[in-house]
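> Here is how the chains run, residue by residue.
4 protein chains.
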Amino acid sequence: MVHKITGVLFNHNLNVTQTDEFVVQESERFFMRISFTGTCDESTLKNELESLLPLDAKIDIHPPKIKKVVVLVTKEHHCLGDLLIKNQFQDLPFAIQAVIGNHEVLKPICTQFAIPFHWIPTEGLDITQHEQQIGQAIDQYHPDLIVLAKYMRILSPQFTSKYKGKMINIHHSSLPAFVGANPYLQAYERGVKIIGATAHFVTDELDEGPIISQDIISINHTMSPKDLSRAGKEVEKRVLSKALKLVLEDRVFIHQNKTILFE
Amino acid sequence: MVHKITGVLFNHNLNVTQTDEFVVQESERFFMRISFTGTCDESTLKNELESLLPLDAKIDIHPPKIKKVVVLVTKEHHCLGDLLIKNQFQDLPFAIQAVIGNHEVLKPICTQFAIPFHWIPTEGLDITQHEQQIGQAIDQYHPDLIVLAKYMRILSPQFTSKYKGKMINIHHSSLPAFVGANPYLQAYERGVKIIGATAHFVTDELDEGPIISQDIISINHTMSPKDLSRAGKEVEKRVLSKALKLVLEDRVFIHQNKTILFE
Amino acid sequence: MVHKITGVLFNHNLNVTQTDEFVVQESERFFMRISFTGTCDESTLKNELESLLPLDAKIDIHPPKIKKVVVLVTKEHHCLGDLLIKNQFQDLPFAIQAVIGNHEVLKPICTQFAIPFHWIPTEGLDITQHEQQIGQAIDQYHPDLIVLAKYMRILSPQFTSKYKGKMINIHHSSLPAFVGANPYLQAYERGVKIIGATAHFVTDELDEGPIISQDIISINHTMSPKDLSRAGKEVEKRVLSKALKLVLEDRVFIHQNKTILFE
Amino acid sequence: MVHKITGVLFNHNLNVTQTDEFVVQESERFFMRISFTGTCDESTLKNELESLLPLDAKIDIHPPKIKKVVVLVTKEHHCLGDLLIKNQFQDLPFAIQAVIGNHEVLKPICTQFAIPFHWIPTEGLDITQHEQQIGQAIDQYHPDLIVLAKYMRILSPQFTSKYKGKMINIHHSSLPAFVGANPYLQAYERGVKIIGATAHFVTDELDEGPIISQDIISINHTMSPKDLSRAGKEVEKRVLSKALKLVLEDRVFIHQNKTILFE
Numbered sequence: 001m002v003h004k005i006t007g008v009l010f011n012h013n014l015n016v017t018q019t020d021e022f023v024v025q026e027s028e029r030f031f032m033r034i035s036f037t038g039t040c041d042e043s044t045l046k047n048e049l050e051s052l053l054p055l056d057a058k059i060d061i062h063p064p065k066i067k068k069v070v071v072l073v074t075k076e077h078h079c080l081g082d083l084l085i086k087n088q089f090q091d092l093p094f095a096i097q098a099v100i101g102n103h104e105v106l107k108p109i110c111t112q113f114a115i116p117f118h119w120i121p122t123e124g125l126d127i128t129q130h131e132q133q134i135g136q137a138i139d140q141y142h143p144d145l146i147v148l149a150k151y152m153r154i155l156s157p158q159f160t161s162k163y164k165g166k167m168i169n170i171h172h173s174s175l176p177a178f179v180g181a182n183p184y185l186q187a188y189e190r191g192v193k194i195i196g197a198t199a200h201f202v203t204d205e206l207d208e209g210p211i212i213s214q215d216i217i218s219i220n221h222t223m224s225p226k227d228l229s230r231a232g233k234e235v236e237k238r239v240l241s242k243a244l245k246l247v248l249e250d251r252v253f254i255h256q257n258k259t260i261l262f263e
Numbered sequence: 001m002v003h004k005i006t007g008v009l010f011n012h013n014l015n016v017t018q019t020d021e022f023v024v025q026e027s028e029r030f031f032m033r034i035s036f037t038g039t040c041d042e043s044t045l046k047n048e049l050e051s052l053l054p055l056d057a058k059i060d061i062h063p064p065k066i067k068k069v070v071v072l073v074t075k076e077h078h079c080l081g082d083l084l085i086k087n088q089f090q091d092l093p094f095a096i097q098a099v100i101g102n103h104e105v106l107k108p109i110c111t112q113f114a115i116p117f118h119w120i121p122t123e124g125l126d127i128t129q130h131e132q133q134i135g136q137a138i139d140q141y142h143p144d145l146i147v148l149a150k151y152m153r154i155l156s157p158q159f160t161s162k163y164k165g166k167m168i169n170i171h172h173s174s175l176p177a178f179v180g181a182n183p184y185l186q187a188y189e190r191g192v193k194i195i196g197a198t199a200h201f202v203t204d205e206l207d208e209g210p211i212i213s214q215d216i217i218s219i220n221h222t223m224s225p226k227d228l229s230r231a232g233k234e235v236e237k238r239v240l241s242k243a244l245k246l247v248l249e250d251r252v253f254i255h256q257n258k259t260i261l262f263e
Numbered sequence: 001m002v003h004k005i006t007g008v009l010f011n012h013n014l015n016v017t018q019t020d021e022f023v024v025q026e027s028e029r030f031f032m033r034i035s036f037t038g039t040c041d042e043s044t045l046k047n048e049l050e051s052l053l054p055l056d057a058k059i060d061i062h063p064p065k066i067k068k069v070v071v072l073v074t075k076e077h078h079c080l081g082d083l084l085i086k087n088q089f090q091d092l093p094f095a096i097q098a099v100i101g102n103h104e105v106l107k108p109i110c111t112q113f114a115i116p117f118h119w120i121p122t123e124g125l126d127i128t129q130h131e132q133q134i135g136q137a138i139d140q141y142h143p144d145l146i147v148l149a150k151y152m153r154i155l156s157p158q159f160t161s162k163y164k165g166k167m168i169n170i171h172h173s174s175l176p177a178f179v180g181a182n183p184y185l186q187a188y189e190r191g192v193k194i195i196g197a198t199a200h201f202v203t204d205e206l207d208e209g210p211i212i213s214q215d216i217i218s219i220n221h222t223m224s225p226k227d228l229s230r231a232g233k234e235v236e237k238r239v240l241s242k243a244l245k246l247v248l249e250d251r252v253f254i255h256q257n258k259t260i261l262f263e
Numbered sequence: 001m002v003h004k005i006t007g008v009l010f011n012h013n014l015n016v017t018q019t020d021e022f023v024v025q026e027s028e029r030f031f032m033r034i035s036f037t038g039t040c041d042e043s044t045l046k047n048e049l050e051s052l053l054p055l056d057a058k059i060d061i062h063p064p065k066i067k068k069v070v071v072l073v074t075k076e077h078h079c080l081g082d083l084l085i086k087n088q089f090q091d092l093p094f095a096i097q098a099v100i101g102n103h104e105v106l107k108p109i110c111t112q113f114a115i116p117f118h119w120i121p122t123e124g125l126d127i128t129q130h131e132q133q134i135g136q137a138i139d140q141y142h143p144d145l146i147v148l149a150k151y152m153r154i155l156s157p158q159f160t161s162k163y164k165g166k167m168i169n170i171h172h173s174s175l176p177a178f179v180g181a182n183p184y185l186q187a188y189e190r191g192v193k194i195i196g197a198t199a200h201f202v203t204d205e206l207d208e209g210p211i212i213s214q215d216i217i218s219i220n221h222t223m224s225p226k227d228l229s230r231a232g233k234e235v236e237k238r239v240l241s242k243a244l245k246l247v248l249e250d251r252v253f254i255h256q257n258k259t260i261l262f263e
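Heads up: the sequence lines are chains L, F, B and D, in that order.
Per this note's numbering, residue 1 is the first one in the first sequence, and the count goes up by one each step.
Per this note's numbering, residue 1 is the first one in the second sequence, and the count goes up by one each step.
Per this note's numbering, residue 1 is the first one in the third sequence, and the count goes up by one each step.
Per this note's numbering, residue 1 is the first one in the fourth sequence, and the count goes up by one each step.
One or more hints might be untrue.
Repeated chains share a single entry, so a pair holds when one copy, or any two copies, can fit it.
What the hints assert, rightly or not - Only pairs whose alpha carbons sit at most 25 Å apart, straight line, appear in this in silico DSS-like list of lysine-lysine:
(1) K258 x K107
(2) K258 x K226
(3) K58 x K46
(4) K226 x K245
(5) K245 x K4
(6) K46 x K4
(7) K233 x K65
(8) K4 x K164
(9) K242 x K4
(10) K67 x K226
(11) K65 x K226
(12) K46 x K65
(13) K226 x K4
(14) K58 x K75
(15) K107 x K4
(16) K107 x K164
(17) K86 x K107
(18) K67 x K245
(19) K86 x K242
(20) K4 x K166
(21) K226 x K58
Simulated from the structure, these hints should not be mistaken for laboratory data.
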């Protein structure tokens with residue numbers, strides 16, 4: 001397979017700068033990422049590759065581009081703040097199109113960065129209506145990626161399935177520990193010595209999507225639930241930012257409920 | 001309180017080298033650790049302190065000593081091996097009295113280190129009988145501490161309650177994640193990006209005792225459950241060794257289901 | 001000593017919530033930090049303590065306060081951006097009074113946050129004149145702390161001595177490795193597998209001041225000097241933020257060329 | 001190139017399970033590691049590959065094997081102890097042939113593991129004579145790898161050049177910090193907040209060889225140089241073990257003074 005694929009690139013005088021492969025033993029699925037330089041017609045290349053690969057092979061060609069991102073938030077600012085800074089200074093290959101919040105508290109910081117903020121309160125709306133409005137707000141920007149930067153509402157399977165593989169969430173714990181709400185209180189009560197954060201793709205099962213990145217920090221007995229939360233925010237910020245970088249650079253492949261990272 | 005206690009030491013011409021205090025807000029329990037040098041009669045000192053402290057105050061005076069330790073194992077050697085080396089070269093203030101295994105595979109390594117090994121197979125014994133024999137083997141050494149270095153049998157509340165606050169276990173995951181058996185397979189199937197280990201005191205609730213130390217390592221999609229297990233063993237070794245050091249140096253206070261570490 | 005000091009607080013009906021002590025063996029200097037609640041006259045308390053402590057004892061009483069901070073920058077935005085966000089949302093007990101830059105590129109981001117920005121270019125000024133202008137800009141705000149958030153000019157001993165113990169710098173390496181400029185290029189050329197950052201107090205010796213905080217990240221052979229720099233910025237941001245928190249909470253004691261951290 | 005190489009394997013019906021490539025920009029050197037299963041004549045395969053690769057291409061074919069290792073030590077036991085345990089339980093694909101020490105203190109532990117120990121004291125020998133005896137002791141075992149597990153004598157360029165790319169050293173600091181002796185005392189005096197360890201190939205420049213692995217731990221002001229040393233030993237053990245695993249699995253490529261790790 002490697003031989004066939006590289007052959008096609010070779011014939012197009014494309015210069016391979018890096019390749020990564022991985023075979024998942026159980027499913028015998030083969031994953032490959034090739035970075036190459038040079039010019040050629042994308043569709044031609046894709047057709048040629050399709051012609052010699054198995055029918056069920058999935059081929060994506062990604063020219064380097066700035067990806068369009070929509071961010072969903074509730075009240076916490078730490079992840080959003082980091083993203084707004086990185087967006088303004090182009091620290092990552094993305095362009096934040098808009099921020100959508102079910103509360104209004106984060107509108108001012110978005111305004112400071114001249115990023116449109118959509119306040120979509122839940123008042124007087126059932127979940128379906130609310131998600132419909134959220135969906136409309138998102139779709140008008142045709143984003144490549146949706147980032148839940150501490151969006152604290154549970155989304156319905158109907159909604160999440162619409163954005164399968166395109167929506168990232170930052171969860172405030174080292175999943176699968178402390179699933180659900182108030183993980184820092186749970187962590188405090190359990191008396192753990194480390195707390196973490198998990199960035200994962202959103203699927204219709206809450207907190208069960210493919211994990212992209214995780215990290216932790218050490219904590220101690222002197223820290224209150226509030227201290228844990230404050231410390232945790234720093235990890236959340238870091239983990240989300242790292243996962244986002246990997247996804248924006250097309251280094252993350254989803255296989256069943258796991259990710260393959262070609263870093 | 002600090003004033004009263006230091007006053008007593010002062011009157012005995014004892015020289016305080018370090019003090020740590022902590023007040024648990026919810027329970028308003030006050031914890032204090034004082035390191036001091038100098039000589040005095042222990043019981044006199046204890047009596048004086050008791051006389052001026054609340055009736056429910058718990059006072060322990062620990063002259064520096066090499067603590068007697070009994071180790072329980074099953075088949076895995078990594079934690080035991082590390083302890084045997086540290087024991088022989090006095091890397092920690094402990095003296096391993098004996099190793100007890102429900103399998104015989106680790107007898108040779110103990111023999112190499114001239115440490116008595118008790119093989120207590122479960123064959124033909126119900127759990128009560130087996131634990132009785134284990135208990136007898138332990139008690140003959142009057143250990144200060146019992147270390148479960150990958151002892152893979154679930155112990156009964158009857159048994160564990162006998163050694164409350166004196167028995168440490170190393171659990172092969174960042175509790176509360178992946179409670180129970182086969183955590184590395186669970187981790188593999190969940191596709192996590194970090195795995196960890198947890199050292200905790202053993203209580204009658206499986207894997208629910210006060211946590212002493214935790215740490216993690218990063219893993220990736222290329223690693224099989226076996227690779228995860230191998231990587232995990234290194235963390236288990238490290239975490240158990242760190243927790244043991246803290247306990248042997250009398251730096252760990254148990255409060256309800258948590259530990260207070262005066263490092 | 002502990003006894004005497006706690007006695008004074010006791011007599012004032014002040015409630016000690018936490019104490020930390022440390023004795024530096026070589027110098028036999030004794031350091032103590034006491035957190036207490038309650039009300040009393042500061043100067044009276046200070047006088048009483050002075051009366052019973054050695055003449056060379058240094059006593060500081062810090063009521064909780066929002067500290068005034070001035071930030072110096074050059075062109076890099078990552079540390080400043082993090083500080084501006086934390087300042088606006090009061091994530092730390094500080095209030096940024098102004099930002100001073102020898103270049104103008106970071107003025108817009110300060111303006112977005114309504115923080116005064118002083119552009120003090122070096123053109124046509126010798127170092128003494130330039131530092132004089134910087135000093136004037138700083139002093140008008142009577143800051144409790146000056147933060148060099150990637151200020152890339154070397155400051156003269158005359159200047160730094162003016163702000164002894166009040167000026168923090170973030171250095172882009174795990175000091176003492178890669179002292180001086182271009183540490184990421186140095187790191188790249190040496191082929192190290194980790195890079196770090198160091199937050200330290202500024203003294204008249206370049207990069208030699210008391211270290212407050214350090215951390216690292218793992219890197220690999222695929223990373224260019226630019227990649228290292230990008231990765232390093234995340235660590236710099238984190239380390240500076242952690243050091244700042246400790247200093248703002250009065251947890252950092254300076255002794256000779258080291259810090260004692262009562263965390 | 002990838003195309004050509006995989007073509008040869010394809011024609012031999014060899015099944016590629018994993019490939020890694022990397023191009024060093026400056027030198028334009030291309031590095032590739034291919035894991036494959038199947039059977040073929042090694043020399044035939046090598047000849048075919050040589051025929052279509054540039055003349056200066058270096059091709060190595062490594063059938064999986066247990067590598068023969070000789071360990072050099074002085075007085076410290078922590079790294080040796082870990083290696084002896086891992087050797088006995090086959091935790092790594094290596095077989096320790098012998099241990100050579102310039103002191104005799106570690107002979108007993110080797111004897112416990114039934115590993116030959118050669119005591120080669122320096123008394124009455126100049127460095128050339130001593131290294132000659134060490135060299136003879138090493139060479140009789142025809143080792144694939146020589147591990148300096150805290151061998152504290154400086155080796156001459158004449159000696160090290162003999163084992164170029166085959167000799168690994170564990171250095172007790174995060175190189176390039178604290179080069180040379182007594183790094184923990186240096187670290188103590190500088191008041192750093194982290195200490196580390198570095199595993200590297202030995203070259204004729206002291207502590208300047210290609211770095212394989214590095215890691216650190218956090219430390220604090222309460223730790224004496226002795227405490228730092230004790231803490232450092234745990235990192236040294238871990239880092240050496242990790243580097244050894246990578247080298248034994250043929251994942252480490254040396255390019256000029258750096259390593260390329262295909263993990």
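> Looking back at the numbered hints, which does the structure fail to meet, lowest number first?
1, 5, 8, 9, 13, 14, 15, 16, 20 and 21
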